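Sequence lines, in order, name chains R and D. Residue numbers for the first sequence follow my numbering, beginning at 1 and rising by one. Residue numbers for the second sequence follow my numbering, beginning at 1001 and rising by one.
To be clear, the hints were calculated from the coordinates, so they are not data collected in a lab. Small disclaimer: the values here were computed from a predicted structure and weren't measured. You can trust all of the hints, since none of them are fake.
Derived DSSO-like pairs: lysine-lysine, alpha-carbon spacing no greater than 30 Å straight-line: (1) R:K31 x R:K70; (2) D:K1133 x R:K81; (3) R:K130 x D:K1133; (4) R:K70 x R:K155; (5) D:K1072 x R:K89; (6) D:K1133 x R:K89; (7) D:K1059 x D:K1021; (8) D:K1013 x R:K51; (9) R:K51 x D:K1021; (10) R:K81 x D:K1059; (11) D:K1021 x R:K89; (12) R:K60 x D:K1013; (13) R:K98 x D:K1021; (14) R:K89 x D:K1013.
Covered stretches of chain R, going by a simulated chain D footprint (3 or more residues, C-beta under 8 Å): (15) 52–64; (16) 121–132.
Glycine included, every Cβ here is placed at the ideal spot set by N, Cα and C.
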Amino acid sequence: MIIKIIGASIIILASTLMGFYMANGYVGRSKNIFMFINALTIISTEISFNKSVIMSILPKLSTHELGDVKMFFEQVYYTAKQTGSSSLKYIFLDTLNKTSKKNKLKTPEVKILENFFSQLGTSDTSNQIKSIENAVSQLEQVRQEADEQGKKNIKLCRVFGFLAGLFVSLILF
Amino acid sequence: MIICQQNTWDLSKTPFFYMSKSIRMLCTHMDYNEICEIRIRLGQAVVVHCLSEMVFLSKKGGITTNIDESYKVSFEDIQECIERITLNSRYAFEDEIRRGFITLEYGHRVGIGGSAVESGGNYNGAGVISNIKDISSLNYRFAHEVVGCAEKIIQKLTDSPTGITSTMIISPPGYGKTTILRDIARMLSKYKKVTIIDERGEIAAMNAGLSPYNMGVNCDVISLCPKPYAMNIALRALSPEIIITDELGSKQDILLAKEMALSGVSLIASVHAHSYEQAIKKPLLKHLFEEFSCFVTLGDKTVENIIFV
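Go ahead and model the full structure; you've got the sequences and the hints to work with.
The following block contains the structure:
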């Protein structure tokens, strides 16, 4: 009996954790979109006030609290440094594709960021600022949608995880 | 001949670094010290101007005198060159692009040819250049440090009874005015307070506050600053004995240079002209001549004549 109770507890615990993990995906998505918005704001400041080149902005981004998104910019910087590649655009897009799953990003925000990074550095200051503002407002909208979706699903995932574990345990009993 | 078996230069310090990969690879065995200019024009052969000859970049690598064997520049080459020159950040170079040239690290310069985009307009109907689009040609000018090339000039100046006086370096483009000015600064700053007004960032080629060249121990550099502002800063804050600047040309430059020469500071500047006689005929420059007492004309990379008046 004791073994059964221990087994059932483990199942409930595991499924609850699974539910929390799934819920975390929604929290992470919204958080990382917010971090990208912060990063874009820093880029905007560097472009408009210092006219810094992208390769000197990237290491500065690492000094800010950008969570998982920091890794994305670090990876772009080191890849560009190592390969000495002419086009940063392809490095940005490639790194974005490689890290989007890890950063819990979904198609809408990936598309916005792809669009933004393919235009980064290709025009004058005012157009760059417009492009950043545009990307930020689109990301804000996506983040709002992600938040709403998150609110619905986070609770559901957590409860569902626990209930699924409970259900399996009851069947086993 | 500008081919050498093994290059000894560091790629990142040369203009080759700012060229497209395909052109860069073909330039691998060139002798950097022999090259004065490389011209990259869309659909045309890459033209290499070296000290003694004009040749083409061969599609097999190295150089050739046969244009049929030359490498033809593609649209992608030009795009890649621009990406490398602007470090993938066009916004950071918008003023330079507007002015038609970008100064690279180590004082190398790239001239840009394309179609100007005009915006606005004044009462003359002439607008302001806001951009250069459809860039079709890039002229890479290689900066070299020739230590001691100004020795003859310094010798003459120090031997003259008036000492170091205001001096004008006269030569057509590409004859080594900037190299001479750099060496003059290096030599004079051993015993005088020298300020360099480096509007185009070519003389001292400052990068993050440091010059890759030996500019001497007593030399201040105001770089990438319009001459009128820089001259005021220099006079008020840096108390120089000698001011060195490049390419006096506009009316404002000349007025300020005249004021400076009357402020008890020796001015050493360069101007574009073929000879002293030609320079003196220039309508704007003639007002400035009375403030200069030494004129140096350059031949092809050498000091041709030094005139004291």
